[in-house]
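J.: Sequence:
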Amino acid sequence: MKKCFPLMRLICALLVIAAPGAGVQAADPAPVPAMKARLAAKVALTGLVRAGDALVATGAYGTVVRSTDNGQTWQQAEVPVSTLLTALHFVDAERGWAVGHGGVVLATTDGGVKWTLQQQLADKPVLLSVHFVSADKGFAVGAYGSAWRTVDGGRNWSPMVVGSGRDTDMHLNHIFATRNGVLFATAEFGLAFRSADGGDSWHPLTTGVSGSLWNGLEGANGEIVLLGMSGRVLVSANGGDSFQVFEHDSGQSLSAAVVDASGGLIVVGSGGLVLRGRERFETEIRADRQNLAAVALAADGGLIVAGQLGVERVGSGN
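1 is the number of the first residue of the sequence shown in my numbering; add one for each residue after it.
If you're looking for bench data, these hints aren't it; they were derived computationally from the structure. Heads up, none of these hints are tricks.
Derived DSS-like pairs: lysine-lysine, alpha-carbon spacing no greater than 27 angstroms straight-line:
| # | residue 1 | residue 2 |
| --- | --- | --- |
| 1 | K137 | K124 |
| 2 | K36 | K124 |
| 3 | K36 | K114 |
Work the whole structure out from these sequences, hints included.
T.: Below, the structure is given as structure tokens:
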């Protein structure tokens, strides 16, 4: 079985994972709550999103931190687990979910101040990404093809099959949906999949690359953007039927992106890489050269990044 992991998504991951299974089971033994840390915002963090006007980040040791002043200061949330939390997603300012190692699914109804352990999926798979299209319907994906969906707000989850044949064993690195509800999942070896029926069926896409695709999002004009190894940005103007590949000189892996106020992209990656632009990108290499795993724009337009050295406000996203 494969032993590799998407490094940008799992900066401080353990290299021991369980194969995915079906169904749901209670955590055993009882999970240990995340410890309170004076410098929680400096823990390695892999997930970062906006929740209304607040910012919420997740990462190592069950750490969740939250900012209500556009990333100037951060407060640690109450979290019932101490496992690595890889990703999170909010459907509005109050309701959100986080996933991570051990098949944990956490939920919040107060904007990320307090979290509850909603489920721990059977066989405790490593979950790498979560996305909800509504307060009821959500999806989570992870290592070795682990894929799940819920129709009751995360209380119960059922397995999905993404891909066919050998593809079903690939690590699924990220899942997202367009504004019209079409789902996309990115995976290893240049694989990406699309579902137009809520996850019932998934169709492989021709991406034109062979390296892992770590992340993806919908652009300002409805284009599909995928991010991968060797600094590749893949853009599709036809819903994923075909992609144009853009590369930049750094060759660093790209881990996350956000749409800026002008409709362009701000992309972050390994080695302190920050890209800005559309088809052509301006390149910045941060002095600390930390591996960046996530990026978001604060309510006031400030640029927030998260990675192996924690989360910080680094300037303007305009």
